[in-house]
Amino acid sequence: MRIVVCIKRVPEATEALLRIDPSGKKLSEDNLTFGMNETDSYALEEALLVKERVGGSVTLVTVGPEAAEEVLRMGLAKGADEALRIAPVGVEEADPALVAQLLAAEIRPMGPELILTGCMASDDGSAQVGVYLAELLGMPHLSLVVGMEVSSTGEVTARRELEGGVLEEYRVRLPAVFTIQSGINTPRYASILGIRRAASKPLRVAAPPTGEKMLEVRQLAFPPAGKKAEILQGSPAEAAEQIASLLRSRALL
Amino acid sequence: MDFQLSADQKLVQEMVREFAQKELKPMAATIDQTQQFPWESLKKMAKLGLLGMIVPEEYGGGGMDFISLAVAIEEISRVCASTGVITAVNNSLVAYPILTFGNEEQKRTYLPLLCSGQKIGAFALTEPVAGSDVAGMQSSARRDGNYYVLNGAKRFITNGGEAGVYVVFAYTAPALRHKGISAFIVERGYAGFTVGKHEETMGIRATANCELMFEDCKIPVENLLGQEGDGFKIAMHTLDVSRIDIGAQAVGLAQGCLDEALRYSRERRQFGEPIANFQFIQGMLAQMATSIDAARLLVYRAAWLKDSGAKRFSVEASMAKFFASEVAVECARKAVQIHGGYGYSREFAVERMYRDAKVMEIYEGTSQVQSLVIARGLLGA
Amino acid sequence: MGLLELTDAHLRFRDQVRDFAQRVIAPQAAQLDASGTFPIELIRELGARGWLGIPFPKEYGGLGLDCRSYILALEEIAKVCASTAITVAAHCSLACYPIFAHGTEHQKKKYLPPLLRGEKLGSFGLTEPNAGSDAGATETTVRVEGDKWIIDGQKRFITNSSYADVVVFTASHDRTLKTKAISAFLVERGTPGFRVGRHEDKLGLRASDTAELWFEGCALPHDNLLGPEREGFKVFMETLDGGRISIGALGLGIAAGALEYTLEYVRTHVRNGMPMHRLQWVQELIAEAATEITCARHLIYHAAALKDRGAKITVPSAMAKLYASEVGTRTCRRLMDIIGPEGVSVLHPLERFLRDAKLMEIGEGTSQIQKVVIAREVLGK
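Residue numbers (this note's numbering), protein chains in the order written: chain C, 1 to 253; chain Z, 1001 to 1381; chain P, 2001 to 2381.
It should be emphasised that the hints constitute simulated quantities derived from the structure, not laboratory data.
Think of the CB as a built atom: it goes at the ideal place given N, C-alpha and C, for glycine as much as any other residue.
Keep in mind that the hints are not guaranteed to be accurate.
As the list claims (entries may be wrong) - Straight-line Cα separation of at most 25 Å, DSS-like style, residue types lysine-lysine; simulated pairs:
(1) Z:K1047 to C:K201
(2) Z:K1197 to Z:K1218
(3) Z:K1047 to C:K51
(4) Z:K1044 to Z:K1107
(5) C:K51 to Z:K1044
(6) P:K2180 to P:K2312
(7) P:K2108 to P:K2148
(8) C:K201 to Z:K1010
(9) Z:K1025 to Z:K1010
(10) Z:K1197 to Z:K1233
What the hints assert, rightly or not - In silico contact screen, one side only, chain Z against chain C (beta carbon under 7 Å); selected entries:
(11) L1011
(12) L1042
(13) L1099
Could you put together the complete structure from these sequences and hints?
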């Protein structure tokens, strides 16, 4: 089975001190560390599991600058077979529409049966690329997938999690696009041997002419600091009482 | 000159960092308190290839370079110095001498066991009365038919209580002083070999640091490592290599201290602001960061020399170990200081790091031994 | 006034304490540390000898000696067991002293005799979870209800708290006024609404008692105010001036104890065929340690002598504490290297000393706070 996984290199921002670039339109990359988008790593793991079960190959695709090859190499080290970086000419920041167009143009000739990607990138949180890509490729799409099994007949049984933990199950005929939710599996670590083998796996760069952007970031800003903090007085027991009544009064309990 | 890690080395760094943060960090306080050897973590590490990184693939290893090994040990020690030194010992004090001085049979027998974590290795050089003074060792082995019969005791052996494969040093010809020392590969379970008491130490408490006793222990002759009389040379060369990794362990611990100090100083508020705003704190953070960087460069330089096939790198390895271990102790002291009273409490990781750091100035040659090695290099003696 | 501002009487008293410390305390120190046992019997015995009230007048039950005698005693005890020394120091300098200096005649008559005779133990509750170096941020509150003070809040890292019969502590009448609205109070064990919380598991001083204090609507009689209302900040700043000399004396004692131990070790051990005391690297470490210890001793004794003369000791005590506490840590760290691999083991007291020493850089004002105090005075601000 030919499997394509679309991944993105994102800053690991949970503990970092974020600063806005002088352009005002993106984050400053100084002092940030980068890695594979979290849900993409679940998508990759799912692809590797499918490959291990039914055979085939896994191709990684990303859109981004040369530095983005780090995440491709890590994916190859974990077990993907080949990788493609799409570096459109003259584009600094692509919007979801453009990313999906670039991906579709490169993926279509590969003729994949299964396309997986994370349900959302942790940096911009737009959650659009997977949906967009499916539309451009004319394939069915399931979002927020929390479980899937691929049958030998080319069908996938996949589950989505709805509000309140309700599971919704689908049977999908391939080819199809699935955007994967975190927690679907336990992503593996690359092994030392995997890292060494990755060095000899093909990593191709495509530099297509740019496409059409539909969105433009106007400005990045930190929200003004909130002023609604309230310090509760009294003994720990009294403070606990007050917290409980506050939470109750706001229907948070 | 290029101060960048290669693409592969960066991948190793990223992989081990993620593994260490997710799998080792949550265990570190517990294994320190219970003195529990981290078998579970080691099994996972073996699967990733971290226990035999520098061993060629044909013997079950990862076939990586020494810079990668240093990077891996650094990332592990950043969250758990005990696991860091266990890894360092298995790789550079046990697998490395077997790989370098062992015959084909020995390599085929022992390296796959060490790489797969089926057996952990230990390096038995130190004795009750011979710490830094190797030639002062008392252990001796005499040839008896197809066996060497070993008598003696070893102390402060990292991994000693849990290992399966030991590289043990003993005199085969005491009259020849250091030229009469030989090295043996000893398996757990050989008759006459027992593990003695667990050493009660200040830090690095999860490493099964034990005493070893040999009473007429029979070692098959084929387990002689190198030739009779090669022991001192094997020990010295092996220590040169492993000092790079103790340096890496120290850099990792120091970096872990800086990580904790940075986080705490941004969170802790005194006098109405985060203590990170105070210049005293900034001064300590800056000193930590600068010294860590310097130590890391020394460690990488020594590893790079080893990788590039340099015949002599003793001085550089000693400099790396000497400097980095002092940086580790100083960074741990500062990290506790920045945490104030909380740093003195076992609730915070820096308390453990303070205890773990000190031994780095001591094991595999104290700072004074490193000074002598360096001075000897300078003086051409 | 002879060398180091000590008289023969001082030296005789010191020898008396030294003899007891070496004979009675030293043999149990390692075990107390390992088991984390508070040596209540030992403390009672010190009390019976009058050593829990050394620098206080006989009319209140004290021994009627001066601050130098007290400091000498602390140094001798800290040489063998810093846990015991800090128990004495917290009792005398932090609990008894403020009652003696700021209490009413009634309070002194009521509280001091049993404390100074060692029938009861005292403690000082200043530090809080969010008020460490920034004591002005005290969150424990006091309000008036009828003729009672009502106290609510929590103290943390309080030495002697589980065993104390009397605790001197601080609370704020109005947190927005910071240091201007803090008062000092006395509370006795068993007072309703007052209890001892969690015991701290800590790096060193493990045979001393450190725990939390909780006040939950604790009602105290009006008489339990210590010193003028809202002048608690002054009370404890002055208390800490004296307390710092005692913490410095502990740093000094630990360093001196480490040196004494190491001297004996190098006199009786051989390395590389040489008596260790003849090795130059050993001589270097010992000479440096001895010099620093002597400097620390001068600073400490001088500060104590100034206190005996009734001079203002803010700067001398801060300098003495800053320097002596750092000498404590540095000396242990360096001397451990002489012993080598065994240095980090519990077979030698140095690893305990190194863990114990670190607190002296933190307690009763971190080194950074000492620098603030010193710089403010030196700059004339």
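Hints and how they fare:
no.	hint	result
1	Z:K1047 to C:K201	holds, 21 Å
2	Z:K1197 to Z:K1218	holds, 22 Å
3	Z:K1047 to C:K51	holds, 20 Å
4	Z:K1044 to Z:K1107	holds, 23 Å
5	C:K51 to Z:K1044	holds, 23 Å
6	P:K2180 to P:K2312	holds, 22 Å
7	P:K2108 to P:K2148	holds, 21 Å
8	C:K201 to Z:K1010	holds, 17 Å
9	Z:K1025 to Z:K1010	holds, 21 Å
10	Z:K1197 to Z:K1233	violated, 29 Å
11	L1011	holds, 5 Å
12	L1042	violated, 15 Å
13	L1099	violated, 15 Å
In this structure, the earlier hints numbered 10, 12 and 13 are contradicted, and the remaining ones agree with it.
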